[in-house]
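J.: One-letter residues, chain by chain:
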Amino acid sequence: MWHRLVDLFTSLKLTIICLAAAMVLIFAGTLAQVHLGIHEAQQRYFQSLFVWWPPESRGFKIPVFPGGHLIGAVLLVNLIAAHLKRFRLAWRKLGIHLTHAGLIIMLAGGLFTDLFAVESHMQLAGGETKNYSEDGRGMELAVIDVTDSDLDQVTAIPDTVLRHDRTIDYWSLPFRIVVRNFYQNSRLKMLSEAEDGARPIANQGPGAMIAVQPAPRATGVDERDVTSAAIEILPKDGGSLGTWLVSDALGAPQTFSCGGRTWMIALRPARYYKPYSVTLQKFTHEKYAGTDIPKDFSSRVTLIDPERAVNRDVLIYMNHPLRYRGETYYQAGFQKDDSATILQVVHNPSFIAPYVACVIVAAGLLVQFGYHLVGFSRKRRAALA
Amino acid sequence: MKRFLPGLVLLFAVSWLAANWLPHKVAKDDVDLTKFGKIPVLVGGRVKPLDTVARNSLLIVHGKQELRLEGGRRLSAMQWLTDVLFNASAADQYPVFLVQNAEVLGLFGWEQSERKYFSFIEFSPFLKQIDEQGAQSEKLESVQRSAYQNAILNLRNALSLYQRLKNSVQPEGAENFASELEAFENSIPAAGRAASQRAAGEDFDRAKLDDVVVLIQRYERLSEMAYILAVPPLEPNGQWHSVGDSLLRSVGTGEIHPIVKQYALLGDAYRAGDHSMFNQHVDLMTAWFAKEQPNVAKRTSFEFLFNRLQPFSQSMALYVLAFLLACFSWLGWNRALNRSAFYLLLLALAIHTFGLVSRMYLQERPPVTNLYSSAIFIGWGAVIVALILERIFRDGIGAACAGAIGFITLIIAHHLAGSGDTLEMLQAVLDTNIWLATHVVAITTGYSAMFLAGMLAIIYVIRGVFTRSLKKETADSLARMTYGVVCFATLFSFVGTVLGGIWADQSWGRFWGWDPKENGAVLIVLWCAIILHARWGGFIRQRGLMIMAIFGNVVTSFSWFGVNMLGVGLHSYGFMQKAFPWLVGFIISQLALMAIASMPLERWRSFRTASVSSRHPRKQKLETTVAGA
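In the order they appear, the protein sequences are chains A and B. Take the first sequence: its position 72, counted from the start at 1, is 72 in the working numbering, and no numbers get skipped. Take the second sequence: its position 395, counted from the start at 1, is 780 in the working numbering, and no numbers get skipped.
Think of the hints as simulated: they come from the structure by calculation, not from any bench. Do not take every clue at face value.
Some, not all, of what chain B presents toward chain A, calculated at C-beta under 7 Å [unchecked claim]:
hint: 1; residue: F896
hint: 2; residue: P901
hint: 3; residue: L908
Taking lysine-lysine and the DSSO-like style, the derived pairs with C-alpha atoms no more than 30 Å apart in a straight line are [as the list claims (entries may be wrong)]:
hint: 4; chain 1: A; residue 1: K295; chain 2: B; residue 2: K410
hint: 5; chain 1: A; residue 1: K295; chain 2: B; residue 2: K524
hint: 6; chain 1: B; residue 1: K676; chain 2: B; residue 2: K646
hint: 7; chain 1: B; residue 1: K902; chain 2: A; residue 2: K336
hint: 8; chain 1: A; residue 1: K336; chain 2: A; residue 2: K295
hint: 9; chain 1: B; residue 1: K524; chain 2: A; residue 2: K189
hint: 10; chain 1: B; residue 1: K683; chain 2: A; residue 2: K295
hint: 11; chain 1: A; residue 1: K130; chain 2: A; residue 2: K336
hint: 12; chain 1: B; residue 1: K902; chain 2: A; residue 2: K287
hint: 13; chain 1: B; residue 1: K410; chain 2: B; residue 2: K420
As the structure is a prediction and not an experimental result, all values here were calculated from the model. The beta carbon of each residue, even a glycine, is placed where N, CA and C say it ideally should be.
In isolation and in its complexed conformation, chain B is listed as follows:
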């Protein structure tokens, strides 16, 4: 059993992945949302598949990427979006909008209850009120807003997004949109003649002109509302347009864009319940994009795959499992469990790497471009370094660290994704791949190493204080690992910080401006320098090193998140407040660990045994036997 355990564990993990990843078969008579979800559109400055738009929009309004209706029926993000785009009256009934704030509910005369989700229909009498209240909150800086003001503003934004989605590819409530478009296209020439006759002062057919004018006004409204730019350019390097915009342009060209027509036919077929007709038009659209925009089509269908595989969620689960296996390995079955954990970690790292590289391909950028991707990258870097340590020391410690840090950073990333597209476009000042690839990568690698050193120290303290498993040999190798990782962190943090200074000198005209994010980075460098000098000077030994490494977690978390919560400075592309309680909690937990580690060594379970055997439980004696390195 022991011999086969690693193989079995790996087999289990792979089959679990396969089960998650096998595509669901679409029933013949059902709408093919897999294909429809791959259709490219432009939102937020980036061409992406409809599937991404659906997931991000549902995440913004609903807080999840899946919708559960009363009666237990589940809707995928694409099912929801298809209803919103083509069948708004049905979508209006879905309880999608998340409202938990009692004051906001009170605004509508509702009492707080178990229900958190509400439908558009329920809000429709209050739209004006919500808009006014939201506009008031918007005037405040986000730091100054109360919980109510935040909640009402979120609701307003969610409702506005929803209404814009409904008017993205056809006017809300349109019935026979395809025939409306046909009539529009046919009447353009006659209306054009009438318009030029009127301009020349001749007799003209007022009815012909009026027909088109009414429609033009309708499409102008559509173009103002549209959230999705669904119509690709016909010429290379052209602009994407919304359906409304494209229809207005048709007045000049006399022709309606083929994609606009396809969307209209899709909508009509969908509302009529004609699924085979719907699928037929999706096929036509797919073929059109494959022919006219082959690169775009390839990229969006890859992004669709990326969305479906959810690589970070999968590797998150594997990391937890590996962490547990590595911890159990200290209790018994040492080698087999260790090896199982190591294999699992390799698998998780492979998937993690796939996700990271996919994001780089989709965005055509270096790995770190925002807070979300920094979390992904920090985890990735720390896991690699920890696995190298595991390869060298083979005692499960590196594996446990890899599992824990991989899991925690991916959880953090998951919660950072709440605001929608994590592949968002970059602000002008960040639009430089050289600096993103050097400064940002070096800084985040430094963060990785700091967290890894902190994690090693935590393992030292917990195993030392609460278990008897911290033998002298293990303690020494932990100390060596921690020291090495701190050196590594010093190098990368320093280089990253200085590179940041040089970038700032290039783009803002000063090397150093005492901006909060810069200060955060230099705090890490200073702390590393203090640890190393204290160690070289003999002011600290093994335990001191561990306590200081744990404090490194505090410094790093402040630098990573804390400074962003201040809301000042030039690095304003990553502000966030919601995580504040979490940050405080984390810092308190680290301080508590430091306090535990500062207990007299007689209280450490691992070292108490040592003291019994030496029969001289004096502290100084202990320090030399246990912490001799």
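Bound conformation, chain A alone:
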């Protein structure tokens, strides 16, 4: 039994099957991006153990194909196992060993990145300062105690917890929150402009005058979901304060009082706070003369970190990111009319892996094919002579 297992995991056939399966998966996943968008397709095909059918929740689902994580993991095990078993120290094997060692680093680094890298972004208008970046997709329900004018006490509830009819009970809050409605993506309309029969889902705040319609998930690269929810506030000493509409599309937070304190609530992109702050001095967007083709984007920012006594100006532009305290800031985009810059913030502890792997594999391939080539030309010369 053990021998058969070893044979299976060290076999070249398994390698080829994995590679072929990876090709099929990547092809299908690429085509799926047209309808699902890059993010969703990536989740379903590449960052999963299995590709499921049907993809929508219909009460049942069956795995139809191995997903990226499964194929990657099997390939990794296969690679390591095969080399442990067949490893022999010989010059003529050097190229092969190097190539595969590099591939192991690359695959492992890829899995590691998938699991631990965090991407977020920071949008800054001219002169604006922020000490947090925002998630591109994940939302949070922020409940802020603003009674004390010097200190805001924030309770952030991630959107994964917000589901229909879920009751949220935190010790730090004098009330329970019941999620009455939850829409991953939605469209908001003023009641006066909505079609007849539309009813508000909230009875407090501006939400009482707004109709909410569910919408299909956003698929485009630049689109994002407008998440909305209706939440009812139930003080722990009994009764109900009413239902509020919270939504990504509503600008300002809404205020209410409970337990003798003043609270603000808002559904906003999830925030990652930093121990330093970034201020946008100037955003520049150059175009080629007489055209709309962008020539260059750059953001001049001031980085202030009291802990490390840093206070300096930095220019972030295309292909020249700022790396600071394990995070990297890229010039990613801008708001209409160049009113604000958008910086991509990436925390990726294994970003170095592909660099190392690339060098090792390239060296391995060169040695291996060079070896073949020398052998071939020697034979050829011998044959001609």
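Got chain A sorted already, so can you dock chain B onto it with the hints?
T.: Frame of chain A; chain B shown alone:
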């Protein structure tokens, strides 16, 4: 005869080139459009000669770089542009606009007929309608547009380009523009005085002010319309301006830019039919640029030469000829034909290289910056590798591959050039020569090698199945070549893909994002890895290698073009849909070849003979004798 054949072929090719390249003599009393065509202007963010503007504009509106009028008279792109710039009422009559869509024609109440080209005059009653319809289509993503919507949008863009061209160096329909400018320049000081008197609340000469105000409004319209920025900066690192813009600036300086005046005089002379006067002013302009902007003048006159030589069309023709010679060499006269093909290929490669390097000089960039240049480069790389193979094996196979791939890639490039300037400026994210020179070059070299391996395999299959010319020795050397080229492709595709990841990590913040173009690249790497491992593991032999190499063509074409047709992702600087049917056709043809190759070996004409001689037509026996390597 046999001995002299290679020399004769080469001589023929060189004299054919010379005939194509010798400049046409301009008659003394004709306008000198060669000189005028070299005048630098700024369009699309790049300084280029008027000749390039003329060719690209005519290509956009007419689909060709030459215009044929009713009655058979031909107009070069420069002749057409000169009329558009200076004599719009004549140019309005030329049938330039290409419309083939029946629904678009129906919009104007016209029936579809033999006629495909229409003049501006014919469209002039419908301009508003075309603009509205076009604006509606523009709101849709290009993937969602119907054929009609695409056609009407194209027509709208072509008409708008045409109207902007007409208002580039003078207001359309201006008669004595030089004297108008003179009057304008003379009245500026008086108008300036009147304006400041009015501002101070004193009495002022209203008539003097009004004269200039009317002209200023006229030049404002001109500046809004202009397509060409024809007026160079007077100070170093200054900006180029359109004629209208420059005239508005003259209000402040009190002086009109010398080039603006020259264009006005040119136009007046042209309309008056005074050719010697026209040529005289072109000479003055040329001299001005040579003195004030020597580098710009040098570059544009080189670009003019490049346009005239058309290096890629010339080498395309030579590649076809070489391919045919190499194929004939397998039928007889082996060495002489082979050698002829090889010489021709060297000549074609030299011209191809000249074109490639010229583009790099003009753009100051590494060779590949867009889809067009990727086609040129893929062909170039494949031809070089194939010629090296030919040098080693000397059996005509490398030469045939070089000819075929050189020709096909240049044809593809030719069709990719339809959207205008192929030396366009680069989007901000691409504006980095290091990554363009490493990642893009490595990836496209990988494509070259994949196509070359596929081509070798196709030759193997076609010669093996349909002819008796695939001897064991030839088959073995083909297999060795294919294997070597696949190794080469693996190396470059892998390095290129990873370098792309590193670039993405530098500029977008992630090494790998499952973007379609990235996926396309990794598909090639995976396929190469599968081929090599299958071969090392003994799962495939000679024929299996060939079938897999042909499928490599499918994978590579998907990666090169297919992913761009999806219309998603960050690599959005190279989208295109028109080629979709071609891509599908190509993939079907490759699959058909794979099916043919999968036929039992008894059906292969080359191997049937082998089976007769061995008298044991059993398949297994065959595999060992024929595919022993």
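J.: So, for every hint listed, does it hold in this structure?
T.: Against the structure, the hints:
1. F896: holds, 5 Å
2. P901: With a minimum Cβ separation of about 5 Å from chain A (threshold 7 Å), the hint on P901/B holds.
3. L908: With a closest approach of 6 Å, the L908/B hint holds.
4. K295/A - K410/B: Between K295/A and K410/B the Cα gap is close to 41 Å, so the pair fails against 30 Å, i.e. violated.
5. K295/A - K524/B: holds, 25 Å
6. K676/B - K646/B: holds, 17 Å
7. K902/B - K336/A: Measuring from Cα to Cα gives roughly 27 Å; hence the hint holds.
8. K336/A - K295/A: Holds, because 16 Å separates the two Cα atoms, which is no more than 30 Å.
9. K524/B - K189/A: Measuring from Cα to Cα gives roughly 23 Å; hence the hint holds.
10. K683/B - K295/A: Holds - the C-alpha atoms of K295/A and K683/B are around 25 Å apart, at most 30 Å.
11. K130/A - K336/A: holds, 20 Å
12. K902/B - K287/A: holds, 26 Å
13. K410/B - K420/B: Holds, because 12 Å separates the two Cα atoms, which is no more than 30 Å.
Hint compliance for this structure: hint 4 is the single one not met.
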